[in-house]
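2 protein chains.
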Amino acid sequence: MEYMHTEIKAFCNKILMHVGVSEANAKLVTDNLVTADLRGVSSHGVARLPVYIKRIQLGLINPNPNPKVIKSTSTTVLIDGDNGLGQINVTDGVNRAISIAQENGQSMVGIKNTNHIGICADYVLKVAKEGMIGFCVGNASAHMAPWGGIRPILGTNPISVGVPAGRFPAIVLDMATSTVARGKILLAAKKGDKIPLGWALDKDGNPTEDAEKARFGTVLPFGGPKGYGLSLLVDILAGVLTGANFGSKVPSMTEDFETPLNLGAFISVFRIDNFMSLKQFEERIEELINEIKGSPAAPNVDEIYLPGEIEHNRMQEGLKKGIGLDEKVINDLNLLAESLNIAERI
Amino acid sequence: MEYMHTEIKAFCNKILMHVGVSEANAKLVTDNLVTADLRGVSSHGVARLPVYIKRIQLGLINPNPNPKVIKSTSTTVLIDGDNGLGQINVTDGVNRAISIAQENGQSMVGIKNTNHIGICADYVLKVAKEGMIGFCVGNASAHMAPWGGIRPILGTNPISVGVPAGRFPAIVLDMATSTVARGKILLAAKKGDKIPLGWALDKDGNPTEDAEKARFGTVLPFGGPKGYGLSLLVDILAGVLTGANFGSKVPSMTEDFETPLNLGAFISVFRIDNFMSLKQFEERIEELINEIKGSPAAPNVDEIYLPGEIEHNRMQEGLKKGIGLDEKVINDLNLLAESLNIAERI
Chain A
1 MEYMHTEIKA FCNKILMHVG VSEANAKLVT DNLVTADLRG VSSHGVARLP
51 VYIKRIQLGL INPNPNPKVI KSTSTTVLID GDNGLGQINV TDGVNRAISI
101 AQENGQSMVG IKNTNHIGIC ADYVLKVAKE GMIGFCVGNA SAHMAPWGGI
151 RPILGTNPIS VGVPAGRFPA IVLDMATSTV ARGKILLAAK KGDKIPLGWA
201 LDKDGNPTED AEKARFGTVL PFGGPKGYGL SLLVDILAGV LTGANFGSKV
251 PSMTEDFETP LNLGAFISVF RIDNFMSLKQ FEERIEELIN EIKGSPAAPN
301 VDEIYLPGEI EHNRMQEGLK KGIGLDEKVI NDLNLLAESL NIAERI
Chain B
1 MEYMHTEIKA FCNKILMHVG VSEANAKLVT DNLVTADLRG VSSHGVARLP
51 VYIKRIQLGL INPNPNPKVI KSTSTTVLID GDNGLGQINV TDGVNRAISI
101 AQENGQSMVG IKNTNHIGIC ADYVLKVAKE GMIGFCVGNA SAHMAPWGGI
151 RPILGTNPIS VGVPAGRFPA IVLDMATSTV ARGKILLAAK KGDKIPLGWA
201 LDKDGNPTED AEKARFGTVL PFGGPKGYGL SLLVDILAGV LTGANFGSKV
251 PSMTEDFETP LNLGAFISVF RIDNFMSLKQ FEERIEELIN EIKGSPAAPN
301 VDEIYLPGEI EHNRMQEGLK KGIGLDEKVI NDLNLLAESL NIAERI
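Protein sequences, first through last, are from chains A and B.
Take the first sequence: its position 29, counted from the start at 1, is 29 in the numbering used here, and no numbers get skipped.
Take the second sequence: its position 52, counted from the start at 1, is 52 in the numbering used here, and no numbers get skipped.
Warning: the hint list may mix true and false statements.
Copies of the same chain are indistinguishable here, so a pair counts whether it falls within one copy or spans any two.
Restricting the straight-line Cα-Cα distance to at most 25 Å, the calculated cross-link-like pairs of lysine-lysine (DSS-like) are [to be verified]:
1. K190 <-> K71
2. K279 <-> K68
3. K293 <-> K203
4. K249 <-> K293
5. K279 <-> K249
6. K71 <-> K279
7. K126 <-> K213
8. K27 <-> K191
9. K184 <-> K27
10. K191 <-> K71
11. K328 <-> K71
Calculated directly from the structure, the hints in this document are not laboratory data.
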């Protein structure tokens with residue numbers, strides 16, 4: 001089913017405002033969720049709204065947070081997110097990081113006491129649009145074991161970086177540190193499908209193709225010990241360093257409905273003209289992109305893409321033609337509206 | 001064959017000084033190379049010395065560089081390495097990054113016009129020992145194709161991060177962005193061994209188990225498009241942003257003996273107490289490490305390690321008991337000494 005982004009946004013805003021989120025804050029959250037759907041990353045799209053709403057209703061997320069600066073220097077800020085929706089806190093954090101970097105050359109912003117931050121590409125893209133380089137990571141519920149282990153201690157903790165690219169769309173690297181999103185395993189389990197070896201371990205630490213067993217086990221990091229190292233690094237920056245939860249103390253967003261998540265995020269932004277003029281940088285990065293795009297493709301490959309390029313193309317098309325959303329996602333949103341006594345349906 | 005680190009260092013210092021490297025600079029280079037051997041990363045150890053010497057003799061590396069600051073702000077520096085040995089330039093860069101961060105909270109140092117920087121773990125470990133978090137990347141000769149491509153445009157560009165860990169050894173993530181070091185493919189080709197699928201493509205972009213074909217093809221990034229994205233990011237930070245060579249313009253260190261490499265490196269350092277006291281951070285990271293080390297291991301796994309822990313243990317043992325070096329590496333060093341009319345042999 002295809003929907004215009006404006007239509008979904010209006011519907012989701014209504015739902016968020018119904019549970020007490022201010023109009024401005026609802027817009028931030030909805031923009032981020034719909035951006036994920038537009039980019040084809042439906043695991044981080046409006047499919048997440050029902051669990052956000054449930055947590056707000058249970059008092060586990062503060063619908064109108066009042067984030068406070070706990071500590072700051074000329075280039076760094078540590079923020080207590082006041083248990084707000086992640087998109088509200090990280091948008092605030094990115095805005096601060098951008099303005100500090102504009103003034104003082106670079107910045108680092110840590111956030112604790114926040115929730116699921118949504119699609120990170122959205123934040124670093126905003127930095128790249130300001131002609132700066134941005135880095136954003138967040139920790140997440142523990143579903144991944146340390147390399148060699150079997151107990152989930154780390155999240156699929158995403159890493160994102162945005163780089164301005166002159167006349168090309170910004171380069172946007174945004175990746176989970178697991179081989180695949182846990183959502184794909186849950187989906188396979190629901191359908192009774194097998195999963196490829198390398199995606200997950202069962203609860204005893206054995207490699208498994210059984211999605212149902214994987215569901216009760218752990219997801220595997222991408223690239224083995226390397227992905228484990230990167231996931232750990234995200235937990236250190238976003239969790240340990242900010243004062244947020246870390247390790248297995250991070251509760252499950254979708255299974256624990258008694259404890260606030262207290263997630264953390266970490267953002268770093270810097271000006272390119274610390275090193276060379278933006279113009280010179282853009283000429284150089286255009287040269288690199290031209291070399292990559294113009295180089296010969298492997299057999300059965302149509303085109304070579306830069307990180308974030310496929311998602312950018314999807315978004316441009318989706319903005320014009322609408323977004324394809326899963327029937328189940330739509331049903332869940334309509335059921336949610338019904339449960340809230342909202343008359344509209346999508 | 002086992003050698004004491006002091007013995008190898010003395011021998012390598014003599015060789016470096018013989019081709020004009022000052023005693024202080026020789027010591028920096030040798031310490032870095034031998035640290036790699038001590039950590040068990042022999043691909044970056046004293047085996048590299050012959051090619052360094054050859055490039056110095058051919059006038060492709062400046063044995064006594066005079067690095068210059070091209071651009072600076074209160075927290076950033078861009079350095080022209082004056083075509084020095086990478087270890088000399090990056091040690092200088094890391095020292096600057098440490099002292100700027102100590103004074104102003106954080107720092108970024110870009111370096112252009114340098115050479116092979118050796119083992120990065122060495123640099124970020126130095127930062128961690130100062131109670132700060134350090135990040136260091138460098139670009140390298142193009143041996144990796146962009147994801148979906150067949151022409152080598154990117155290097156196996158390493159990423160390293162060092163984090164102080166209280167009573168535990170510092171956490172040191174140091175990894176190539178390829179699945180394996182290209183050296184392993186060259187070694188398999190020499191021995192006539194097969195290589196596993198996933199290591200490399202042949203020159204036409206087909207997956208190959210034939211090491212000889214892989215030698216003339218490209219190495220594959222770890223984790224597919226994710227490793228490609230990270231390798232590209234390193235080339236952007238270390239190459240594009242610093243004014244160094246980038247993309248396929250980076251010559252091959254081991255095959256092109258006519259052109260200086262003009263490699264780049266990028267270092268970032270920040271104080272933990274921008275966010276919380278070092279003591280509090282250390283307590284928290286010790287808690288995370290204890291949780292990881294104390295968690296149950298998968299079948300056939302003896303112990304769960306933190307990034308850099310295995311290498312740290314090897315180093316402690318190697319410092320006491322000596323380093324095992326390949327016979328071929330020793331022969332090459334002795335031949336090198338002979339060719340330079342140095343009387344000593346190792």
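Okay, the hints, checked on the actual structure:
{"no.": "1", "hint": "K190 <-> K71", "result": "neither (45 Å within a copy, 57 Å between copies)"}
{"no.": "2", "hint": "K279 <-> K68", "result": "between (37 Å within a copy, 23 Å between copies)"}
{"no.": "3", "hint": "K293 <-> K203", "result": "between (43 Å within a copy, 18 Å between copies)"}
{"no.": "4", "hint": "K249 <-> K293", "result": "between (44 Å within a copy, 16 Å between copies)"}
{"no.": "5", "hint": "K279 <-> K249", "result": "between (46 Å within a copy, 20 Å between copies)"}
{"no.": "6", "hint": "K71 <-> K279", "result": "between (35 Å within a copy, 16 Å between copies)"}
{"no.": "7", "hint": "K126 <-> K213", "result": "neither (39 Å within a copy, 43 Å between copies)"}
{"no.": "8", "hint": "K27 <-> K191", "result": "neither (34 Å within a copy, 62 Å between copies)"}
{"no.": "9", "hint": "K184 <-> K27", "result": "neither (28 Å within a copy, 52 Å between copies)"}
{"no.": "10", "hint": "K191 <-> K71", "result": "neither (48 Å within a copy, 58 Å between copies)"}
{"no.": "11", "hint": "K328 <-> K71", "result": "neither (44 Å within a copy, 55 Å between copies)"}
The structure fails hints 1, 7, 8, 9, 10 and 11 (numbered hints given earlier, in ascending order).
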